[in-house]
Amino acid sequence: MLAYVIKRILYAIPILIGVNLITFMLFFMVNSPDDMARAQLGAKQVTPALIESWKEERGYDKPLFINTKEEGLSKVTDTLFVQESLKLFSFDFGFSDSNRDIGADIKVRMIPSLSIALPTFIIALITNISLALLLVLFRGSLLDTSMMIVAVIIMSISGLFYIIAGQVLFSKMWHWVPISGYESGWDGMKFIVLPVFIGVFAGIGSGVRWYRSIFLEQINQDYVRTARAKGLSELKVLFGHVLRNGMLPILTGVVVIIPSLFMGSLIMESFFGIPGLGSYTIDAINSQDFAIVKAMVFLGSVLYIVGLILTDISYTLFDPRVKL
Amino acid sequence: MKLVLLWTDVLVWSLVIVLLLWSWVISRSPQIKQLWRTIFKSSVAMASSVVLLFYLFFTLLDSIHLRLALPHEAQQSQSVAYEVEMVSLLDLIFAHNIQHTERTYSAPFATVEYTSSIMVNKEGKTVQVNLPLKYVSSNDDFMDKSLVALIMGILLSSLLILLHIWWREKRRFTSACKEIWQGKSMLPWRTAYVTFMLLVITFTWLYILSYSYHVLGTDKVGGDVLYQSFKSIRTGVLIGILTTLIMLPVAIILGVSAGLFGGWIDDVIQYLYTTLSSIPGVLLIAAGVLSMQVMMDNHPTWFETTLERSDLRLLFLIIILGITSWTGLCRLLRAETLKISQMDFVTAAKAFGVSKLTIIRRHIVPNLMHIILISVVLDFSGLVLAEAVLSYVGVGVDPTMHSWGNMINQARLEMAREPMVWWSLFSAFVFMFILVLAANLFSDRIQKVLDPRNNT
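As given, the protein sequences belong to chains A and H, one line each in that order. Counting in the working numbering, the first sequence runs from 7 upward without gaps. Counting in the working numbering, the second sequence runs from 79 upward without gaps.
In case anyone wonders, no lab produced these hints; they're calculated from the structure. There could be a bad hint or two in this list.
Straight-line distance between alpha carbons at most 30 angstroms, and here's what the computed DSS-like set of lysine-lysine pairs gives [to be verified]:
(1) A:K178 / H:K200
(2) H:K417 / A:K13
(3) H:K200 / H:K212
Some but not every residue of chain H turned toward chain A, in silico, with C-beta under 8 angstroms [as the list claims (entries may be wrong)]:
(4) S120
(5) A188
(6) Q348
(7) T352
(8) V360
(9) A364
(10) L385
(11) F511
(12) L515
Not close to chain A: a few residues of chain H, all C-beta gaps over 10 angstroms, as computed [as the list claims (entries may be wrong)]:
(13) T280
(14) L326
(15) S356
(16) I357
(17) S369
(18) I397
(19) R440
(20) V514
For glycine and all other residues, C-beta sits at the position ideal for the given N, C-alpha and C.
Please take these sequences and the hints and turn them into a complete structure.
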């Protein structure tokens, strides 16, 4: 088990190097350090000497991939790519263009992100699975067909519509909750309710359809027929057999996104003014702050890979047939 | 008049040609023809594909760009001079709406502006009045015009429907009409024709009234929202279909070769798509678009007009979306290829000494078709919705380009107004909803028919 986890973590390293290479190429080859210096120094009279000193200050004066001036191994290591990657691997994200410590920012902003993403995730999971079970129980009935039509309609409406409609209805017209903002602690509940509700509702369409198809696949299996033949009631079949066996395919889809919950939701957070990582990223994109975007790309990939490893581990815990 | 081809126009029209060729190829295979018949046996599939074709029609109309010749008096020499601005056929149809630009917001069918302005009246007092709109006459011909539109719509659609029936069943025209009327035709043509008629009537109603009103209101700078909504169709549909067009060859080639050749090729391709898919999608797109913006700012010579600039940006966005979205399909195709290449008929073909390329062409790709088709139609609706979100994040299409995302993004800032400026949002969401709903329903049907797991 431990050996397997270590193997998987080692396997993640080349992937992370690849991720770094992609972001590096996007940011430094298209947009060379010279361009960055010019953009940062602004429209002032930019002299070559000024650019050089700016690059030296930030460590951008090294060549991209191969340093011809050095000898031996440092021909490769004393380059911009390796230096930047090493910094990221030690989770040293450096400073943003506005000279803020990105690592510290991320730590502070993780909590608000989680306080939206985690309740949304849990409530959505419970609602979707219970609704899907209900539909499977009444499969083929009028309830089933009409709910499936509603599900298609719900998933055909843009997520932005739910947010805007929710804000207009609940905040602007009925004044139930504030339109946006954030507070830590229990006082912050009033800010969290609406985004969580909207997040759950927007996902119901596709969620219910997905879980329903998983359960329907189980219900045609032989063991279900056996269970019914034994004389079990439909409810017992559903909860004792279909739900338990359906948990396996659900695990694959669900566990992988749990670590990514830390990243928050881009759209939700910026609409509701929540100072989390999602709005942090959007602000960075809008102000073209490459350092932050790069840090978030790296963090997102790390969390995704962690999710993949967790999925494998959870498999061994829940399915005795799988051995690592 | 001079025809101008933008990059995306070229891609759209080549896609149309490819689709026509493909449908000609499959029409020769009786099995595949039968499969498509089964798909269209459902009236929902029929109705939604009519809606999809309607959207596609406006996309194509908007993908023929012209540069009009300048009027004769303005010319000195013999050679014809052209206007700098490009217009599409759709612009020509809605030319009156482009000219009828008001000052600012106005509600649908309104005769006065939405905001009140301070005026000095005849007695010399300053009063707040809602100024009348410049291009809306306040005569009460609403019902008359609607009636005319209804009759025109019915006539036009009936004519087109009859022509279509005649084209399909030249020999037994009257009996075919009767069958369709009674709903006894093999495919649910009646549903298709009713949907078509409803769409045509709605369009003629909107169009005829658009001459005397702003049917869906005007936006902040007085632009007509109806015109914007129709212009946005092209952006949405293009992002939906061209992205798949770009990603398909990559996904197929890499997926099939990973599954078939195995070894180090498989390792490299697996590494490639795991790496790409581990980067959060929106961030990768954002990073790509940001770099693209910088690149375009550094090369102002690549485009002459703003239209060309926004078109190039759309093309880049589509390419970036394509690069980020091939991984899922590639993984599926690899697994399926692995499965197929173990099957007896492939082993037999190998034993006969059939070359690898022929095996791929004759045995593997045809058996992957259902996966490819399902993922194409499934991705389409997701991409149309993604466009709106990306525009909101600020990494979508050019802000000057008409798109539903941009409409929502601009209208969002006006939410605080009392009463709300709702019409831009409403129009964008409705136009998007109809397209996505049709695509979702159609993809459901395709999945139901083609997915072998459903044949139990």
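Evaluation of the provided hints:
no. : hint            : verdict
1   : A:K178 / H:K200 : violated (39 angstroms)
2   : H:K417 / A:K13  : holds (27 angstroms)
3   : H:K200 / H:K212 : holds (20 angstroms)
4   : S120            : violated (14 angstroms)
5   : A188            : violated (20 angstroms)
6   : Q348            : violated (10 angstroms)
7   : T352            : holds (6 angstroms)
8   : V360            : holds (6 angstroms)
9   : A364            : holds (5 angstroms)
10  : L385            : violated (24 angstroms)
11  : F511            : holds (6 angstroms)
12  : L515            : holds (4 angstroms)
13  : T280            : holds (19 angstroms)
14  : L326            : holds (22 angstroms)
15  : S356            : violated (4 angstroms)
16  : I357            : violated (5 angstroms)
17  : S369            : violated (4 angstroms)
18  : I397            : holds (13 angstroms)
19  : R440            : holds (32 angstroms)
20  : V514            : violated (4 angstroms)
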